[in-house]
Structures are given as C-alpha cells and as structure tokens.
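Which chain is which? The protein sequence lines are L, Y and Z, in order.
For the first sequence, the numbering used here gives the first residue as 2, with consecutive numbering after it.
For the second sequence, the numbering used here gives the first residue as 7, with consecutive numbering after it.
For the third sequence, the numbering used here gives the first residue as 8, with consecutive numbering after it.
In case anyone wonders, no lab produced these hints; they're calculated from the structure.
Some hints could be false.
[Stated by the list, open to error] Under the rule of at most 27 Å between Cα atoms (straight-line distance), these lysine-lysine pairs were calculated in the DSS-like manner:
1. Z/42 with Z/126
2. L/100 with Y/9
3. Z/126 with Y/9
[Claimed, not checked] In silico contact screen, one side only, chain L against chain Y (beta carbon under 8 Å); selected entries:
4. 116
5. 141
6. 186
7. 466
[As the list claims (entries may be wrong)] Selected chain Z positions facing chain Y (Cβ under 8 Å, derived; list incomplete):
8. 17
9. 33
10. 64
11. 85
12. 120
13. 122
Glycine included, C-beta positions come from ideal geometry on N, C-alpha and C.
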Amino acid sequence: MVGTPVLFIVIPLLAAFIIPLTGMVWKNSVRIIPGLVLSYMLALSVSLMWHITETGTVVEVIAGWKPPIGINLVFSPFSGFLATLMIFLGLLVWAYSYKFKRNVDSEPALKYFILLMLLVTGSVGIVLTGDIFNMFVFIEIVGISGYGLTSFYTRRDSAEAAFKYLFMGSIASTFLLLAIMIIYSQLGTLNIAEIADKMPMMSNKLKVISLIFFILAIGIEAEIFPLNGWAPDVYTQAPGPIGAAFAGIVVKSAIYASVRLVYTMFDLSGALDLFIVIGLITFIVAETTALRQERLKRMLAYSSIGQMGLVMVAFGIGTKEGIFAALFLIFNHAIIKSLLFFSGSYLVYNKKNKFIKHVNGMGKYLPITSILFTIGAFAIIGLPPFAGFWSKLAILTAAADSKMLMLIAIILTVSILEAVYYLRVINRIYFFPKKKSTEAKKPTLNALIVMISLGIIIMVIGFYPDLITGIIDRAATDLMDKTGYIKDILTINN
Amino acid sequence: MKKAIILISLTILGVYLIDIFTGIGFGTQHFASGVKDAYLIGSKETLKVSNVVTSIVVNFRGFDTLGEVTVLFLASMALGGILYKKRHDVGERSVLFPSTRIVMSGAKLLFPSIVLLGAYVFIHGHLSPGGGFQGGTIIATGFLLMLITYRNYSVSHNRLSYVESFAGILFIGLGLAGYFINNSFLANIFPAGKLNDLFSGGVIGIIYVAVGFKVAAELTGIIYTVLHEKD
Amino acid sequence: MEKYLEILNYTIYGAAILLLLIGLYGALTKKSLIKIVLGLSIMDSGVHLLMISIGYLKNGTAPIFSPGHENELAKMVDPVPQALVLTAIVIGFGVTAVALALVIRLYKHHNTLRIDEIKNLKW
C-alpha cells in the first residue's frame with residue numbers, strides 16, 4: 002500500500018500551492034507536476050483497489066476523531082472504482098492537453114493545469130467523502146474550477162456560458178445547504194453513515210422535502226432534465242479536452258452523490274421510481290434534441306446528457322443487475338465519450354462555430370482520427386463487438402429481469418435515434434467531399450497516443466468484457482450493502 | 007407574465023419553507039443527541055481550546071477548512087484566468103477622483119492599526135470570537151484602503167503569491183506532520199496546553215495563523231486584480 | 008391559521024426565508040448582470056441566516072469557554088451551524104468574486120450589462 006485515501010486530496014492541494022512557486026523558477030514545471038500528481042493518484046488508487054479486495058473497505062478518519070465526530074473518507078469497492086476511473090480520465094485529459102498553449106505565456110498554462118488538477122481532486126473528494134457538508138465543499142471546488150476552465154478562452158462566448166453555469170451552480174448550492182441544514186436540525190449529525198442509521202427518526206414530510214432539495218441541487222450538476230440548460234453551452238465553449246473532463250469526471254461524481262443519497266441515506270421507497278421517471282425523460286428529451294443539433298460539440302453534449310439519463314434509469318431499476326448495468330454504462334461512457342470529444346475536437350479544429358458540416362471528407366485527411374471517432378460512435382450506439390454493446394445488453398437484461406417491458410421498448414427506440422445522428426456524422430466524414438476552405442489539423446503526438454490508447458481500451462473491453470465485469474460486480478454488491486456501509490464506518494477502530 | 011409565474015412559485019416555496027422551519031422550531035433543542043455535545047466536551051477536555059467554533063473549524067472538521075482555503079485559492083486563480091492580460095497590457099488603476107490630503111493622511115494613520123487588529127484577531131482565534139478568515143479579511147481591507155487612496159500604491163504580485171503558497175504549504179505541512187506522527191491527517195502534534203492560554207490548542211493556533219496570512223494575501227490579490235481592470 | 012400567527016415568534020426564520028426569496032426573485036427576473044449577482048448573494052445571506060438561527064438556543068451563550076464560565080456547557084448554543092456558516096460564507100465569497108470577474112469580461116465584450124442584449128447563446 003502506497004498510502005491512505007486522504008492523500009488523494011492532500012497531495013494535489015499541496016502541489017497546487019507549490020506549483021506557483023516552482024513556476025517562477027522553471028516554466029515547464031507547471032505542466033509536468035500536475036501530471037506527476039495525477040499519476041501518483043492513479044498508482045495510489047490502483048494499489049488501494051488491490052488492497053481492498055483482501056481487507057474490505059478502507060475507512061480513514063481525519064484529525065483522529067472517529068465518525069461521526071470527525072470527517073471520514075471511505076474507499077470502498079464502489080467509490081474506489083469511480084475514483085480510479087476519474088483519476089485515469091484526468092490523467093488522459095492532462096496528457097491530451099500537455100502541449101496546450103505551449104507557445105503562450107506560462108501563466109495561462111499554470112492556471113489551466115492547476116484548475117484541471119483540482120477539478121479531478123474535487124470530484125474524487127465527492128466520491129470518497131463520508132460527510133454531507135464535506136461533499137458540499139468538494140462540489141463547490143469542482144464548481145469553481147469548472148467556471149474557471151469554461152471561461153478559459155478569452156475569445157468566443159465562454160464568459161457567458163460560464164456565467165450561466167455559475168448561476169445554476171449558486172442556486173444548486175443554496176438548495177444543498179437548505180437540505181443539509183434540515184437534516185442536521187433533525188438528526189444532529191452530518192455523517193452519511195450516521196444519518197442513514199438515524200433516518201427512521203425523521204418525519205416523512207422532512208425526508209421528502211430534503212430529498213427534493215438534494216435532487217434539485219445535485220441534478221443541476223448531474224445534468225438532469227430540465228436542470229441541464231447550462232451543459233451544452235459549457236461543453237461548446239470550454240476548451241476541447243475540458244468537455245471530456247466534464248462528461249467523464251464531473252457528471253460522474255454528481256451521479257455518485259445522488260445515488261449515494263438515495264441508496265444509502267434515505268429509506269424512501271418511491272425514490273427509485275423517481276429515478277426511472279426523470280432518467281427516462283432526460284434520456285428521451287436529450288436524444289431527440291441531439292438529433293436536431295448542427296454543431297458537433299453540442300450534439301456530443303446532448304448525447305452525453307442522454308447517456309446520463311440512461312444511467313439514472315439503470316440505477317432506478319434497483320436490482321443488483323440494474324446497478325451493475327449502470328456502473329458498466331458509467332465506465333463505458335467515460336472512456337467512449339472522452340474519445341469522441343478528443344477526436345471530435347480535431348475533426349472541427351479551429352473552426353469558429355464547429356458545425357457538423359465541417360467534418361466533411363475528413364476521412365481522407367485525418368485517417369486515424371476519423372477511424373477513432375468512428376470506433377467511438379459505433380461503441381456508444383452499442384454495436385458489437387465494441388465496449389458499449391455489453392453495457393447496453395446489461396441494462397436491457399436488467400430491465401427484462403424486472404419485467405419492465407415498456408422500458409426496453411423505449412430504450413431500444415431511442416437508441417435508434419442515437420444511431421441516426423452518429424451515423425449521419427460518420428457518413429459526412431467518409432462520403433462527403435471536403436470543402437477547399439477547411440483545413441485539416443494533424444493531432445499532436447501526445448493527443449494521438451491518448452486517443453489510440455482509448456480506442457484500444459474500447460476494443461479490448463468489447464472482446465473481453467470479463468476484464469472489467471469482476472470489479473464492477475464487486476462495486477455493485479458494495480452499493481447494495483447499506484448496513485455493511487454503516488457498520489464499516491460507525492464501528493471503525495483505528 | 008414570466009414575473010407572475012416566478013412570483014407565484016416563489017410564494018409557494020416560501021410558504022413551504024416557513025411551514026418546514028416552524029415545524030422544526032426556533033430556539034429549542036431539536037435533536038436528542040448530536041455531535042455537538044462531543045464537540046463541546048472534546049474542545050474543552052482534549053483540545054483545550056476555549057472557542058468551540060474554532061476547534062470545529064480547524065480540527066474536528068478541519069478538512070472542510072482545507073477545502074475552503076482551496077476554494078479561495080481557486081477563486082483567485084479563476085479570477086486571474088478570466089481577467090488575464092499580458093503583463094505589459096496591465097492598465098492603470100481606475101480612479102474616479104483624487105483623494106484629498108485628509109483621506110491620504112488618515113489612511114496612512116489607519117493602515118498599521120488595521121493590520122495590527124487583523125493580526126490580533128487571527129492570533130487569538132482560539133480564545134475569542136474571530137480567527138484566520140476574519141483576521142485575514144480585516145488585513146485585506148487595510149490594503150484596500152491603501153489601494154483606493156493612493157493612486158500609485160502597488161502590491162507585488164510575486165510577493166503575494168509567495169505568502170499565499172507558503173501559508174498553504176504550512177497548513178498542509180502541519181496536517182501531514184500529524185499524518186506521519188499520529189497516523190491521522192491534521193492530528194494534534196503539539197501539547198494541548200491549558201484552557202484560555204494563548205499557547206493552547208497545539209497546532210490549531212498555528213494553522214489559524216497560516217489561514218490568516220493566506221486569506222489576507224488572496225483577498226488582496228483579488229482586489230488588486232479587479233482594481234486594475236480598465237473599462 | 009394559528010401556526011402562521013406563531014411565525015411572529017419566528018421572525019428570524021421569516022426574515023431569512025424572505026431574504027432567500029428576494030434574492031431568488033432578483034436573480035431570476037432582473038435583466039442587469041450586476042443585479043443578478045446581487046440577487047445570488049442576497050440569497051446566500053438568507054441561507055446563512057437560516058443556518059445560524061437553527062443552532063440558536065433560547066437564552067443561550069456563545070460557545071466560548073471564557074474565564075469564569077468554563078462549566079456552562081448546557082447553556083451554549085450549537086456551535087456546528089456557526090462553523091458551517093463560516094465555511095459557506097467563504098465559499099459564497101469565492102463564487103461572487105468569480106461571478107463579478109465574468110461580469111467584467113462580459114461587459115468588455117458586449118459593452119452592456121443587460122442580459123437580453125448579450126444572449127449569444129440560448130438561455
């Protein structure tokens with residue numbers, strides 16, 4: 002074991018405070034140190050994942066106060082799986098944007114990389130923490146780094162998109178605080194495990210209202226319909242790799258938060274049906290809107306929102322198969338959507354409006370990027386033998402096991418829409434003539450390596466899904482085991 | 007029309023909220039046993055810190071404070087990124103009208119005492135109301151006063167970032183010292199001392215001083231960046 | 008009805024909720040960016056007031072063991088909401104600072120603060 006969960010938060014923060022100093026002496030350190038930190042975090046999380054298969058969940062207390070007095074961090078198979086996934090994606094985003102703004106001042110680069118590193122750290126913090134107020138603090142860390150990254154380019158309408166995001170984020174944090182205070186006033190604690198333990202003491206009315214406030218607040222971050230108005234603009238205006246970071250990291254942590262609340266904290270029976278309903282609405286609305294988009298990144302953004310809706314539906318099924326499908330979908334979506342954002346940014350590189358028509362004929366000029374984009378598109382539609390096929394199969398079987406035939410019908414119908422708009426883009430890439438005025442921009446080496454490795458992962462998971470299903474299966478079992486979670490935390494003795 | 011809809015939905019929200027909070031009750035004990043008793047007793051017996059809020063902020067829930075400090079750091083980072091300009095493009099400070107002699111000498115007179123008050127507030131954060139955030143803010147107001155009074159008063163950006171970084175490193179360093187010595191991040195590594203003594207509470211006072219410096223440097227940096235925006 | 012007369016006893020809750028609603032109303036309906044930011048911070052203050060009043064205890068004292076009052080544990084008000092509010096205020100400040108920076112940049116780009124004249128993106 003190389004360390005304990007607290008280092009996931011502390012080491013990046015320490016690095017963030019040190020980088021401005023080293024940047025004055027050695028310009029390149031502002032790019033290199035975040036990468037080293039993220040690699041360390043990846044090594045730490047992988048070794049902890051090995052460790053917990055033998056010893057079970059790792060619970061760490063801070064300042065030596067046992068829960069519920071102190072704040073605690075929980076590295077369980079479920080949170081560990083998500084944390085590892087996020088850190089891995091963060092590392093890829095870092096590698097992809099390593100050459101970013103190389104020729105400009107080191108000062109924007111300093112800000113970009115610190116904000117990126119803390120975005121990942123905040124998301125990992127949301128996933129690991131065992132305290133709702135601490136979760137609020139991490140949500141705000143993610144939020145502020147998100148605003149900074151969105152408005153990073155001074156051209157374009159990025160400030161407007163960031164303002165929109167900030168507006169929604171502020172309202173979200175208000176409702177989050179209200180919900181936290183309602184719970185605190187009734188139970189006198191902020192620890193998730195103890196809240197879950199004492200939850201029966203709360204009156205039903207307060208339970209419902211605080212759950213609504215929570216869902217309202219976290220739904221804004223998780224891009225649930227109709228609270229997702231900010232998302233498409235942010236994805237379009239933010240620098241290319243940041244779109245991947247939002248889709249792969251931020252949204253995942255918000256989904257984690259809502260799932261943790263509904264599965265562990267609240268004992269309301271109707272909440273899961275609510276998940277299915279809002280998930281389905283989000284899925285249908287987002288996919289039909291994606292069909293009408295003319296800009297590539299907006300299309301990808303709506304597709305991402307739709308996939309998150311599907312994840313919510315899968316969580317809402319509530320059986321172990323459903324959770325398994327949801328986690329598998331989260332994993333696949335994270336790698337596939339990142340690949341789509343990465344390769345898509347190069348297909349429409351440096352075009353002002355990034356219309357879909359700009360990809361015309363790129364198949365000839367950017368062969369590798371186009372093939373990678375195609376792999377990603379096929380995978381997200383769910384064609385075999387790519388990774389996406391298995392997760393879609395898993396969700397359909399889970400629905401079938403729970404006798405939800407309508408659900409299967411809806412998912413399949415909407416998937417056809419999804420196929421239509423992705424195939425439309427691919428058709429343009431390969432079978433349309435290229436306009437003279439559009440220039441193709443060759444990807445840099447580091448970007449190419451990142452994209453190819455993502456493509457390889459998608460193919461490998463497609464052929465050997467067993468590589469990942471074991472881990473996901475353990476994570477799903479862990480999430481279902483509410484009493485185990487409470488016991489792990491409240492009876493800790495170290 | 008839009009306004010009417012918003013007004014109606016806000017009224018509903020308001021009635022709901024009032025209903026909930028009157029149900030919760032005001033000025034009474036809401037719950038049978040909460041963490042608050044553990045905090046009150048722990049602060050008095052174990053940490054020997056007389057201001058319980060300080061012991062919660064810095065020790066029991068010190069992780070929140072670390073996040074909070076990070077939020078401020080991020081805000082100044084993001085602000086710098088949003089208003090980024092190349093060095094030579096940095097404009098003059100926008101001044102509406104020059105300050106009179108009275109304001110100038112008054113500011114000069116007040117500045118040291120403001121800084122002193124701020125320092126007092128964060129040094130005594132564990133004994134009396136106040137602490138790092140409050141003290142840091144007071145110091146930053148001193149700098150704000152100087153910046154708006156004197157047209158050519160300037161603060162070195164590099165020096166601010168030294169203070170900021172070192173204070174942050176001190177905070178995390180003390181936390182890590184607890185991690186390596188007592189096996190838990192932010193654990194107390196110094197003797198706790200006596201209740202109501204200036205040197206009580208072990209690391210708590212030192213961490214609050216670090217927070218004070220950091221907040222002062224960050225707020226001054228934010229003020230400075232925004233003041234140098236030309237329409 | 009009796010309950011709503013009782014609210015008079017809860018003026019602090021009422022005031023806090025009113026602040027929250029005023030802020031939300033301003034943020035949702037006003038057209039000027041500065042006013043929107045103001046609305047958001049008024050809303051924040053409302054929530055902070057609400058949080059702090061939850062911890063209040065009638066005839067309680069501040070949670071500080073000042074010399075001579077070391078044994079008044081039972082009379083002390085709940086310190087936890089106060090600590091949480093401290094955190095929340097600092098976070099709210101950070102968000103407001105970023106919001107104002109964004110407003111400055113929007114103003115530079117568009118030479119106006121009115122949101123209906125800025126809308127390049129769909130709202």
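Here's how the hints hold up against the structure:
Note on residue 42 of chain Z and residue 126 of chain Z: the hinted pairing holds, with a Cα-Cα distance of about 16 Å set against a maximum of 27 Å. Pair hint residue 100 of chain L plus residue 9 of chain Y does not hold up; C-alpha atoms about 48 Å apart against a cutoff of 27 Å. Annotation: proposed proximity of residue 126 of chain Z to residue 9 of chain Y holds, straight-line Cα distance about 19 Å (limit 27 Å). The beta carbon of residue 116 of chain L is positioned within 8 Å of a beta carbon in chain Y (closest approach about 6 Å), and the interface hint is therefore held.
The interface hint given for residue 141 of chain L is met, as the beta carbon of that residue sits about 6 Å from the closest beta carbon of chain Y, less than 8 Å. The restraint placing residue 186 of chain L at the interface with chain Y holds, with a minimum CB-CB distance near 5 Å, inside the 8 Å limit. About 37 Å separates the beta-carbon of residue 466 of chain L from the nearest beta-carbon of chain Y, more than 8 Å, and the hint is not met. This hint holds: residue 17 of chain Z has a C-beta 5 Å from the nearest C-beta of chain Y, less than the 8 Å allowed.
Among the interface hints, the one on residue 33 of chain Z is violated; its C-beta lies about 10 Å from the nearest C-beta in chain Y, farther than the 8 Å criterion. The beta carbon of residue 64 of chain Z comes within 6 Å of a beta carbon in chain Y, closer than 8 Å, and the hint placing it at the interface holds. For residue 85 of chain Z, the suggested interface contact is upheld, since its CB lies about 5 Å from the closest CB of chain Y, less than 8 Å. Taking 8 Å as the C-beta cut-off, the interface hint given for residue 120 of chain Z is violated, the closest approach to chain Y being about 12 Å.
The beta carbon of residue 122 of chain Z comes no nearer than 13 Å to any beta carbon in chain Y, farther than 8 Å, and the hint placing it at the interface is violated.
Violated hints, listed in ascending order, are 2, 7, 9, 12 and 13; each of the other numbered hints is respected by the structure.
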